[in-house]
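Asker: Listed in order, the protein sequences are those of chains R and W. This note's numbering numbers the first residue of the first sequence as 1 and each following residue consecutively. This note's numbering numbers the first residue of the second sequence as 1 and each following residue consecutively.
Just so you know, not all the hints are guaranteed correct.
Pairs count within a copy or across copies, as identical chains cannot be separated in the list.
Unchecked claim - Straight line, CA to CA, 30 Å or less: simulated DSS-like cross-link-like pairs of lysine-lysine: (1) 51 x 82; (2) 44 x 331; (3) 43 x 421; (4) 331 x 207; (5) 207 x 421; (6) 43 x 207; (7) 51 x 331; (8) 375 x 207; (9) 375 x 51; (10) 82 x 44; (11) 43 x 331; (12) 44 x 207; (13) 43 x 375.
Simulated from the structure, these hints should not be mistaken for lab results.
2 protein chains.
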Amino acid sequence: MNGSCWYECSRGCEYRAPFTGVTYRCRGCDGLLDVAHDLDSLKKRTAGDWKTLFAERAASSEWLYTSGVWGKYEWVYPPVEKENIVSLGEGNTPLLPLARLGEQLGVPDLWIKQCGTNPTGSFKDLGMTVLVSAANQMIATGQPIRALACTSIGDAASSLAAYCAVVGIPAVVFLPRGRVSAAQLAQPVAHGALVVALDTDFDGCMKIVQHVTADGSIYLADSMNSLRIEGQKTVAIELVQQLCWSVPDWIILPSGNLGNVAALGRGFLMMQELGLIDRLPRIACALEENANPLDRSCRSGFSEYEPITAQETLASAVQIGNPVSVERAEKILCAFDGVVEQVGEGELAHVAAQAYGAGFRYYPQAGVALAALLKLRLRGEIGPSERVVVISTEQGGRRTGLTAGYHEQAFDGAQPPPANKIVRLPADTDVVAEWVVQALDQLE
Amino acid sequence: MNGSCWYECSRGCEYRAPFTGVTYRCRGCDGLLDVAHDLDSLKKRTAGDWKTLFAERAASSEWLYTSGVWGKYEWVYPPVEKENIVSLGEGNTPLLPLARLGEQLGVPDLWIKQCGTNPTGSFKDLGMTVLVSAANQMIATGQPIRALACTSIGDAASSLAAYCAVVGIPAVVFLPRGRVSAAQLAQPVAHGALVVALDTDFDGCMKIVQHVTADGSIYLADSMNSLRIEGQKTVAIELVQQLCWSVPDWIILPSGNLGNVAALGRGFLMMQELGLIDRLPRIACALEENANPLDRSCRSGFSEYEPITAQETLASAVQIGNPVSVERAEKILCAFDGVVEQVGEGELAHVAAQAYGAGFRYYPQAGVALAALLKLRLRGEIGPSERVVVISTEQGGRRTGLTAGYHEQAFDGAQPPPANKIVRLPADTDVVAEWVVQALDQLE
Chain R
1 MNGSCWYECS RGCEYRAPFT GVTYRCRGCD GLLDVAHDLD SLKKRTAGDW KTLFAERAAS
61 SEWLYTSGVW GKYEWVYPPV EKENIVSLGE GNTPLLPLAR LGEQLGVPDL WIKQCGTNPT
121 GSFKDLGMTV LVSAANQMIA TGQPIRALAC TSIGDAASSL AAYCAVVGIP AVVFLPRGRV
181 SAAQLAQPVA HGALVVALDT DFDGCMKIVQ HVTADGSIYL ADSMNSLRIE GQKTVAIELV
241 QQLCWSVPDW IILPSGNLGN VAALGRGFLM MQELGLIDRL PRIACALEEN ANPLDRSCRS
301 GFSEYEPITA QETLASAVQI GNPVSVERAE KILCAFDGVV EQVGEGELAH VAAQAYGAGF
361 RYYPQAGVAL AALLKLRLRG EIGPSERVVV ISTEQGGRRT GLTAGYHEQA FDGAQPPPAN
421 KIVRLPADTD VVAEWVVQAL DQLE
Chain W
1 MNGSCWYECS RGCEYRAPFT GVTYRCRGCD GLLDVAHDLD SLKKRTAGDW KTLFAERAAS
61 SEWLYTSGVW GKYEWVYPPV EKENIVSLGE GNTPLLPLAR LGEQLGVPDL WIKQCGTNPT
121 GSFKDLGMTV LVSAANQMIA TGQPIRALAC TSIGDAASSL AAYCAVVGIP AVVFLPRGRV
181 SAAQLAQPVA HGALVVALDT DFDGCMKIVQ HVTADGSIYL ADSMNSLRIE GQKTVAIELV
241 QQLCWSVPDW IILPSGNLGN VAALGRGFLM MQELGLIDRL PRIACALEEN ANPLDRSCRS
301 GFSEYEPITA QETLASAVQI GNPVSVERAE KILCAFDGVV EQVGEGELAH VAAQAYGAGF
361 RYYPQAGVAL AALLKLRLRG EIGPSERVVV ISTEQGGRRT GLTAGYHEQA FDGAQPPPAN
421 KIVRLPADTD VVAEWVVQAL DQLE
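Generate coordinates for the entire structure from the input sequences, incorporating the hints supplied.
Answerer: Right, here's the structure in full:
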């Protein structure tokens, strides 16, 4: 593979570092780093040629291009050698029209980008394949990296543990004790990661992992590592490609650590710079009201930020009060005429139940995004004929408390829930047939 | 959409029925039906042209071709009108090389077809999209169908409920009480299906659903309905396409009701008939020893079959003693020089743990297939340089009992399990850093 990239300060300092080193922050101002690409070199291919190439890769039988991330490797992380790439076939996930739900919500041109069908069940895989591949290459070329470590409320831990297991690199994951579901814990444990539950919250875990990885012998796999962002950026390219290279009016995504907002924005800006698109979408960052550190920032035009202590929420993956990518995200929200919308527990539970009833099982985080969409639509920020893409960041089914709880009427939603109960019957054909006919009569 | 197909008796009777009617069995001999295609019409396109067309569809931005099933609609169910298709973007799932696990098992050229990344988390989606689309079209053209019904140990119920919810058709699912995990129950409940738990096993549920659907007002969505098989058949085409149209030496798949064996075989036979491939793979049907109704059949060269009463197994999705597609599957196993391999609980738990340790989370059913692979390799049936594709039929993580149990050492495996424990530490950076270094020292 060819092409070049390097690290630069995300705040715009002069600092640069080669991609071959272990480095996470600017040595001048301590800001986070971004991956910079040699755009002049990339511009040697026309926009049309890039589109054709990306389409050819999607149609290719070469196994590496099963991955939507590596099918765009020149834009992502070109220095990695093919033999060092660690892929599980991430990306290339469906973008689906949600006609029935869209009509219910007053936004008929509604689409969902289902990142939950990624290999380990979440959006995180898009970035983790890049980070683990880069670490694998550093280890192959003699860097003394003993393990990779990250903090997680579930999904990132599963993703890191899986990718590390593919090539046998030790993984260490730090989780806030009692905040991660059993189904989510089962993944990193089974993949053989060192799983450490700490007596603190997510933000507390973030501090500790930064200390543990400070000397470089354990490589930091958190989203403050910009390699994660570079992989996640492909979600923007992929969804525009799936819309025949037309840009939607709005993208709505649920966010916690805000890395996905930064990634989405970077993807669109790169497409614009290289001429593949000629306008940008608006971005709505959907947050849970118990975990909204952007509230003050948003009211001040993204100039005044202050971390908070996040409270418990059903959408446990977004319970973060001091998001590591806040500066990156604020910059993107400014550039994309962005908005921040917060939703309550009842709102997200109700809309999520509605989405499930329309055939989709991507929440609670997607519920936060859908509830935000509904609020933005109701107050006219989003118009009835605008095209909206909601990003669903993880698969449904692992946080079953919400589903089960909802159908036991445990939530105070805006409207009473259309609860559904399991019926137990004897194995008697006549009894069963009679019950089914009566139940269908009631539905009609 | 154009092209034609009809129903014919799977046992070879003269019986034919039009695709527009509600029909499941031959009126002559009561055998199951197959979907027959107008092969002469399909042969008007050359094999090379089909390959090009399928590649173009994979690269297309048209949303319908997000679906690997509908990207091959001429081969699957051509009479359905596009506006009646109910798709969630099923198929086009990754086929990945398993180098590290393959070397551990003595089969370096090992691949996994990960059907667990389908929209509702299982292989069943490939067939359900076809069946629900066909039913949707029948309803649109005035057939008096009130609901769709199926029996399930989990995956089929989730799939039917989701596809029905997309278009608002009522779904009724019958489950054997106490055999389905909470995470699996949550899906059909949340999708608004009528969920009926019956005091019997899977085979008992199958009998009842056939009675309930007998008059045609409730359409049968079980795998005895050949529309399911037609959609599932695309897994064969897709995996060969992903291998650049080269046929692997072996395909190993876990089976319960045996519809997937029939579907896989039909896909290969159709590719051979239309000239896309020139040989067939061998097929190994992997069964759990507590649920192996094919044992006697296999010993007799697939001539003597007798149903059994299946016992409890970790791989609950295959706990079926009287598989509905047994005749179809026996025919395929004869044609593909097939074998049946049964594995025990300890064997499947151990190999599944090994697979998890290599980064894959697709079991317990995939564990049955991998354990069968290991046995076939050890006794020399599969050679060390043969190319083997294992079909993983569902996502991991919903049946967490196995993972958690294994790492609590609850199983008697052939070898003691490499159990992994979660460690709880205080939020103290020095304590954490010291623990991590010691743990990594022990790993080395």
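Asker: Hint by hint, say whether it matches the structure.
Answerer: Hint by hint, here is what the structure shows:
In this assembly of identical chains, residue 51 and residue 82 lie within 30 Å of each other by CA distance both inside one copy and across copies; the values are 22 Å within and 27 Å between. In this homomeric assembly, residue 44 and residue 331 come within 30 Å of each other (Cα to Cα) only inside a single copy, at 28 Å, whereas the closest approach across copies is 56 Å. Taking the closest pair of Cα atoms, residue 43 and residue 421 never come within 30 Å of each other, the shortest separation being 58 Å inside a single copy and 50 Å across copies. Taking the shortest Cα distances, residue 331 and residue 207 sit within 30 Å of each other inside one copy (23 Å), while across copies they are farther apart (61 Å).
Within a single copy, residue 207 and residue 421 get their C-alpha atoms only as close as 44 Å, which misses the 30 Å cut-off; across copies the closest is 23 Å, which meets it. Taking the closest pair of Cα atoms, residue 43 and residue 207 never come within 30 Å of each other, the shortest separation being 40 Å inside a single copy and 64 Å across copies. For the homomeric pair residue 51 and residue 331, the shortest alpha-carbon distance inside one copy (27 Å) is at most 30 Å, but the shortest distance between copies (46 Å) is not. Taking the closest pair of Cα atoms, residue 375 and residue 207 never come within 30 Å of each other, the shortest separation being 34 Å inside a single copy and 48 Å across copies.
Taking the shortest Cα distances, residue 375 and residue 51 never come within 30 Å of each other, neither inside one copy (35 Å) nor across copies (47 Å). With identical chains, the CA atoms of residue 82 and residue 44 are at most 30 Å apart within one copy only, with a shortest distance of 23 Å there and 40 Å across copies. Proximity of residue 43 to residue 331 under the C-alpha cut-off of 30 Å is restricted to the intra-copy arrangement: shortest distance 25 Å within a copy versus 57 Å between copies. Neither within a single protomer nor between protomers do residue 44 and residue 207 lie at most 30 Å apart by alpha-carbon distance, with minima of 43 Å and 65 Å respectively.
For a Cα distance limit of 30 Å, the shortest separation of residue 43 from residue 375 qualifies neither inside one copy, at 40 Å, nor across copies, at 54 Å.
Comparing the model with each earlier hint shows violations of hints 3, 6, 8, 9, 12 and 13; every other hint is respected.
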